[in-house]
Each structure stands twice: as C-alpha cells, then as structure tokens.
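2 protein chains.
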Amino acid sequence: MKNMLEGLRVLDFSANAAGPSCAAVFADYGADVVKIEKPKVGNDERTYGMRVDDVSLLGAWLNRGKKSVTLDLKDPEAVALIKRMILNFDVMIESGRPGVMEKLGLDYKTLHAINPKLVYCSISAFGQKGPYARKPGYDVLAQAMSGLMHITGEADGPPMKSGTTLSDYVGGINAFGSVMAALRYAEKTGIGQHVDVPLLLTMIYLNGAVEYLNVGIDVGRTGNYHSTLSPYGLYQGNNGQSIILAVISPKLWAMFCELMGRPDMIDDPKFNSLNGRRENRKELDYIVEDWLKTFDDIQIPADLLDKAGIPSCKVLDNKGLVDDIHVKDQKYLVDVPTPKNVTSKETFFARNCLAQFSETPGTIGQAPVVGENNYEVLAEYGFSQEDVDRLQAKWN
Amino acid sequence: MKNMLEGLRVLDFSANAAGPSCAAVFADYGADVVKIEKPKVGNDERTYGMRVDDVSLLGAWLNRGKKSVTLDLKDPEAVALIKRMILNFDVMIESGRPGVMEKLGLDYKTLHAINPKLVYCSISAFGQKGPYARKPGYDVLAQAMSGLMHITGEADGPPMKSGTTLSDYVGGINAFGSVMAALRYAEKTGIGQHVDVPLLLTMIYLNGAVEYLNVGIDVGRTGNYHSTLSPYGLYQGNNGQSIILAVISPKLWAMFCELMGRPDMIDDPKFNSLNGRRENRKELDYIVEDWLKTFDDIQIPADLLDKAGIPSCKVLDNKGLVDDIHVKDQKYLVDVPTPKNVTSKETFFARNCLAQFSETPGTIGQAPVVGENNYEVLAEYGFSQEDVDRLQAKWN
Chain A
1 MKNMLEGLRV LDFSANAAGP SCAAVFADYG ADVVKIEKPK VGNDERTYGM RVDDVSLLGA
61 WLNRGKKSVT LDLKDPEAVA LIKRMILNFD VMIESGRPGV MEKLGLDYKT LHAINPKLVY
121 CSISAFGQKG PYARKPGYDV LAQAMSGLMH ITGEADGPPM KSGTTLSDYV GGINAFGSVM
181 AALRYAEKTG IGQHVDVPLL LTMIYLNGAV EYLNVGIDVG RTGNYHSTLS PYGLYQGNNG
241 QSIILAVISP KLWAMFCELM GRPDMIDDPK FNSLNGRREN RKELDYIVED WLKTFDDIQI
301 PADLLDKAGI PSCKVLDNKG LVDDIHVKDQ KYLVDVPTPK NVTSKETFFA RNCLAQFSET
361 PGTIGQAPVV GENNYEVLAE YGFSQEDVDR LQAKWN
Chain B
1 MKNMLEGLRV LDFSANAAGP SCAAVFADYG ADVVKIEKPK VGNDERTYGM RVDDVSLLGA
61 WLNRGKKSVT LDLKDPEAVA LIKRMILNFD VMIESGRPGV MEKLGLDYKT LHAINPKLVY
121 CSISAFGQKG PYARKPGYDV LAQAMSGLMH ITGEADGPPM KSGTTLSDYV GGINAFGSVM
181 AALRYAEKTG IGQHVDVPLL LTMIYLNGAV EYLNVGIDVG RTGNYHSTLS PYGLYQGNNG
241 QSIILAVISP KLWAMFCELM GRPDMIDDPK FNSLNGRREN RKELDYIVED WLKTFDDIQI
301 PADLLDKAGI PSCKVLDNKG LVDDIHVKDQ KYLVDVPTPK NVTSKETFFA RNCLAQFSET
361 PGTIGQAPVV GENNYEVLAE YGFSQEDVDR LQAKWN
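Chains as they are written, first to last, in the numbering used here: chain A, 1 to 396; chain B, 1 to 396.
If you're looking for bench data, these hints aren't it; they were derived computationally from the structure.
This structure is a prediction, so every number in the text was calculated from the model and none was measured.
Please note that a few of the clues may not be correct.
Just so you know, same-sequence chains aren't split out, so a pair can sit in one copy or run between any two.
DSS-like, lysine-lysine: derived pairs with alpha carbons at most 30 Å apart [stated by the list, open to error]:
no. : residue 1 : residue 2
1   : K2        : K188
2   : K188      : K117
3   : K328      : K129
4   : K282      : K307
Looking at chain A on its own, in the form it has when it is part of the complex (with noise of 0.2 Å):
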C-alpha cells in the first residue's frame, strides 16, 4: 500500500465548506474520492471568494483530490445509480438541510438498507434531531450560539467572529475523524452506522469557558490579554505592528526585564509577582509597549526576545505568512496544479495536509473541473460514453 487510506471509497455529496473539506482530507491520505455535483455549474463552493480565470481559489481547494461527476438528483434514474454506486463506497458523506436526503430517497436508513457496513456522513448547522434541526445554519450563527463569540474580542466592545469560517472548517476536520473511527468499527463488525455531525456541537466542543459554570462564573472577553498571566498577550509597536509575548515564569520576567534595559523592575514590588503584575497591568503594558516603540521594524525585539529564548513572535499577515522561513522549509504551504480550466497559472498554492506521517505522507492534489470524471467513473457502472452524454444533454 502506498497511500495511507487506498482502497478506501468515498462518495461526496456535500457542498459549501464543511463537507467539502472533509471529503477533502480523505482525498489527501488517497481514498478515492467521489463528488457528485450539479450538472454544468457544479456546487455552490464552486462559486465562493477570489477567481483565477474564473475557476474560485476556494472551491479548488476543497475539491482537491477528487473526482467529480454531475448527476441531477430530481431525475429518478440519477438516484437509481446512486443505489447502485453506494454498494461499491464505504463513506457516503452529504451536507443537505435535515430532511433533504429523504426527499430524494438517499437518507441514511434507504442506503444503510443497500450496504449494511456504510458509514454515512451527515455534517449540518444543528445536528439532524432536535428543535433546530430543520433551521437554516451558516458558519456564523454556529459561532454566535456556541459561546465562543460570547468570549472573543475586547472586554469593552462587542463579542466577536472568528476571521475565518470556523465551525466550518473544525466540523470538516472534526468529520473525518468520526468517520475515521466509524470505519473501524465497520471493518471489525460490518456495521456500518449514521455518523451526525452538527457544526454547533463542535463549535462548543472548542469553549472551554463553559464549565466554569459549574462553579458559577459566565467567562466573558479578556481582548488579547490573559485574565491572569502578563505580560502575555498581544503588544503593539510602530506602524500598526504588533508582537505576542508569553512571560509566564519568574525567571522569564527576570529575562525580559533585563532584555527591556529595566533591570529595577525584576524586584519592583509592584510588578515581582504575578498577582502584582496582575493588578499593574496596565502601566506595565504601557512600559512594554513604549520599550517595543523605540524600534521602527518589530522584527529587531522579535529578533532580541528570540535570541534569548523568551516565547514571542510576530503578528503575522498573510503575507508574513507566506514568506515565514519555517512555513517554507516545512511546506505549510505547498504548490499545486491548477484545475485544467485555468489556464493562465500551472500552479497555485495553497494549504498544505493537516499532519505530517513518516510512512505515508499525504498530497494535495488537482481539483477536478466540473463533470471532469463523468465517463470514467460511470463506465464501473456499464455506461457507455453515449449513455453519459444522453444523461448530461437530458440535464442541461
């Protein structure tokens, strides 16, 4: 076996974000990988974000490594081959509203019927039971309801959304791993089972704050800062940059003061204990703050904090990122073949495999174009290349 996952078969029903990306991973360690997709247009990540000829950065991405075929499930002898495909998949993973699989009578309990040891996937906003099952869930209601909102950005301004879509992509990554262990038992029983994912779920897995009800306290925003550790945090210099410091131990403080040219502080009363620094926190982040000023580039205290060992770093952008000597020497980032409809690129790069495995490392490979795998993956079924093109023109 040369890839980690070969041999396994993946069917991907999904769309948008999270399902995407998780049928994506199994793509990466080399499942085979199904998408099944809307006829010409394809499924709406297709359509998310920034464009190379016309082809979404996005979409691309959570499309790597698989195939697409366009099927249109409103036509009966579409979901007949579905019936007949899943027999030939182990995961079967979809991303519908509650109640859309069984209206096109491709739910868990019909396909379960066909292959007993299918593991069937079902990734949504609140989970497929319940009061809220049925609601219409994005990403950022996810976020709202969790708690996590509740407990990021400044004490005194609003609660505030991750950058990123990130119940999204924590439910993809949160996906496989359930799945992952759903197989397992598949292969040692032949039960295969319905695997619910809700994003909700895995949104307040991530708030740890919610426990400290038990003890009656509601956590709410500390900004950038520790509500007990400084300095730690984010600290600001010139020029709208900034820099995270984590001096958590007495002889770290000793260090740092020192390194600040402030040697009459390591003792200072006021700041010689953590609760002391606690409660002094503002004009000692005013001291660190107008200390990281005298330099215009933020790299040279970085550099200095750096050279002696006191957890720090840069705030970086994306650029910054990118362009991170660590980031390039282990490919957090990696090139990848355009989709074959772009044509004024060879390459583009992009996020690089979740982890990295010394038997078997996994690749992020080519998106599909639309429809790109129709003949070869329908000939397993008999079809002939007339016969798929009769199904696509009766689609278009």
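Once you have looked at the hints, place chain B on chain A.
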C-alpha cells in the same frame, strides 16, 4: 463489540491541553486509554483554571475516561517499564518539546523498534523539524503566526486572538483523525508510523484567506461584518444584547424589510442589490439596529425573525448556552460523574462528545484521580501491590 473503539489501547504521555484532549476522544469512543503522569501532582493541566474542591474542571474534562498511572520518567526503572508496556499498545501520544522524548529514551525510533505497528503521535507547536521546532510554543503563538489573528477583529482595531485556546482544541481533534487514519494503515500492513501534528500547521489549515495571495490580495479584518453580504453579521440591540443576521438572498431581503415594517426599502435603489447594500452598509446597519432597539428584550425580534425563516440567532453567553432548548434536548452538554476526590458534588456538566453515532454513541467518562489506576494497570506487568508501593515511595 459494544463500543466503537473497543480493544484499541492508547498510551497518553501528553500534558497541557492539545495532547490530553486528543487522547480523551479515544476514551469517549471506548478505547482503553492509560495516562502516564508525574507522581503525586500529576500533569500540568490538572492545575489549570477554576476548581471544584481543588480539582481543576478543565483538567478533569481533558482526562475524562482515562486510567491514570504515575511514573517518574527520570528513573530508568520507569523507562524500562514503558518499553515493556508499549508492546500492548496501538497508539502513543506525546506533547513534549521536540527532543524531550529522545532524551528520555522514549522517542519514535526507539519505540518503533520495539513495536513496529505502533502509531506514535507527537503534538507540538511547530512540529518535530524545521527552524522553529525547538522554540517554546504556546497556543497564542500558533494563533498569531497562522494569520488567523490578522483576519480576526475590527477593521480599525488590533489583530484579535480567539477567546478559547483554539489551536490546542483543534490540534487535538486533528491529531485524533490523523491517528485513526494511520491506524487503518497499520492494521492493513502491520506498519506503524510517526504522526507529527504541529499546532501551527493546524491553524494555517483554518486560514482560507491565505490563498487569496495567489491573486495578490492580503485580506484583512472585517470585524463582525461580511465583505460582500449585508445584512450579515452582528447587530446590536438594547442592553448590550446582540443578534446575528444572515440575509443572503433577494427573497430574504424582501421578507426582512417587511418584518422591519419598511416595505419601502425592498425596491429602494440604495438597497435593492447586493452591491447597493454593500455600498450603503453603514446606513443600513443603523436602520437595522434602530429597529432592534425598539425592543427591550432582543428575544422578541429574534422570535419574529425565526418565525419568518430568516437565518438569525441571538449571541449566547455561556449561561444562555447552558439554558438553550436545543443544547438541552440534544445533550450537547452532559452531566458527568466528578473525579473521586471531589466530595462537594456528585456530578458536573461538561461538553459532550464531538459527534453523534447511531450504533455506538460515545460517553464522557469520569476522570481519574492522579495515580488512581496504578495497581490495576501495573499488575498486568507482574507488579504486586508491594512493588507498586515501593516504586511510588521511591518517587515521593
């Protein structure tokens, strides 16, 4: 098989949040997870955050469902024991700074030579190799270097960290899925491997904005708003309450205007297109918030929006989350028995498992007291109670 991961054995050498949370997912799903920790005091996460009867709530959640065995790894007798134990385990999880496990003689190479099928997972801030591998790493550094802080926060404010230890939690979820994938390969081929999970890589994976640099655009912060959609994001009502709206189609726009009692706005050229609403966003935000402020309790417009089928929700604080009808109905939070050294409470509530499984639902188990399973686990390796007592006494 009663539980999804029955028969799987995981040795958890990790400390802090990312590693323990990864190992805990295995426990949720029925694996046998043995945590190795420092004699007497246990690992560091047992001191984190708020406490009940001197027991950390977070520490208990991170170690849920595990067995605890205390060993002093500076003692060669303990290291020799681990080398015997490892033959019985499928997975090893560690989160030491790169180089630490080598110094202990428990690095991947050494344990792989003993048990070639072992999946050995290392979780660290910057991975096992490369320029930053041995730098001290904390959650906030991974957030800052990934570009995620750069894209989170108000457009005119500083970069903003998440209010939760995002990279620790997502890193743990990622490591779980990565290990499950490597386990499938090990089961099929007999070949284990080293799975290297850098928290920085995990955070970069969440940053979809980085790929826009392929077309020369470094996306910045847009606060709680969306760069193209409006109304979308957070809107303030009275008394510091706020609501999330996602009015993303012409149909929803018309419904929303009717609901606000402003049917005149539906076709107003200032607002009747996505472009118009984006260009006049500030005026629109004012109108929306003005409407919301006609209600003392934001629950009233929230219910109206909900009834109309307009994607929306209240921003919940932690108390609101705990009391939410869907969260209650679907048990996204669950009562768990407190560890045996908590006497003032029989149970506390905690975040539930990451997904809902139709055949093999997971369970959030009780966390062990430090060393609770010393006798039971070490008996498997021929240690009598007296042997265990002798060892623990030596290390006290």
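Each hint tested on the structure:
no.	hint	in the structure
1	K2 / K188	both (23 Å within a copy, 12 Å between copies)
2	K188 / K117	both (10 Å within a copy, 18 Å between copies)
3	K328 / K129	between (44 Å within a copy, 12 Å between copies)
4	K282 / K307	within (27 Å within a copy, 46 Å between copies)
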